[in-house]
Amino acid sequence: MAKQGKNDSGVQGAADQPENEHLNPALEGKFKVVGTHCPIVLNTSIGDIDFRTLTEEQAEKLVTDGLPWLQKV
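My numbering puts the first residue of the sequence shown at 10, with every later residue one more than the last.
Careful, some of the hints might be misleading.
As a list, the in silico DSS-like pairs of lysine-lysine whose alpha-carbon atoms are at most 30 angstroms apart [unchecked claim]: (1) LYS70 <-> LYS41; (2) LYS81 <-> LYS39; (3) LYS81 <-> LYS70; (4) LYS41 <-> LYS81; (5) LYS39 <-> LYS70.
Hints were generated in silico from the structure; no laboratory data involved.
Remember, predicted model here, so these are calculated numbers, not experimental data.
Please work from the sequences and hints to get the whole structure.
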């Protein structure tokens with residue numbers, strides 16, 4: 010039987026993880042991830058986006074370009 014808040018593999022489920030858990034710490038307080046709990050967003054029009062390694066310059070451009078998973082704080 011799985012523990013509460015975890016799936017059968019013992020991995021914490023997406024619903025239990027904060028959206029900004031995987032955001033590059035250098036962007037904390039400047040940007041926030043919204044609408045996804047995944048550290049990597051695949052198959053966007055500009056390619057794959059890894060929030061863990063995203064730079065501030067890249068984040069600014071993505072917000073300006075209207076990426077739906079990133080907001081400026």
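Verification of the hints:
1. Our distance criterion of 30 angstroms between C-alpha atoms is met by LYS70 and LYS41, whose separation comes to about 14 angstroms.
2. The hinted pair formed by LYS81 and LYS39 meets the criterion: a straight-line CA distance of about 6 angstroms does not exceed 30 angstroms.
3. Between LYS81 and LYS70 the CA atoms are separated by roughly 11 angstroms; this keeps the pair inside 30 angstroms, and the hint holds.
4. Our distance criterion of 30 angstroms between C-alpha atoms is met by LYS41 and LYS81, whose separation comes to about 6 angstroms.
5. Our distance criterion of 30 angstroms between C-alpha atoms is met by LYS39 and LYS70, whose separation comes to about 13 angstroms.
In terms of the numbered hints stated before, the structure departs from none.
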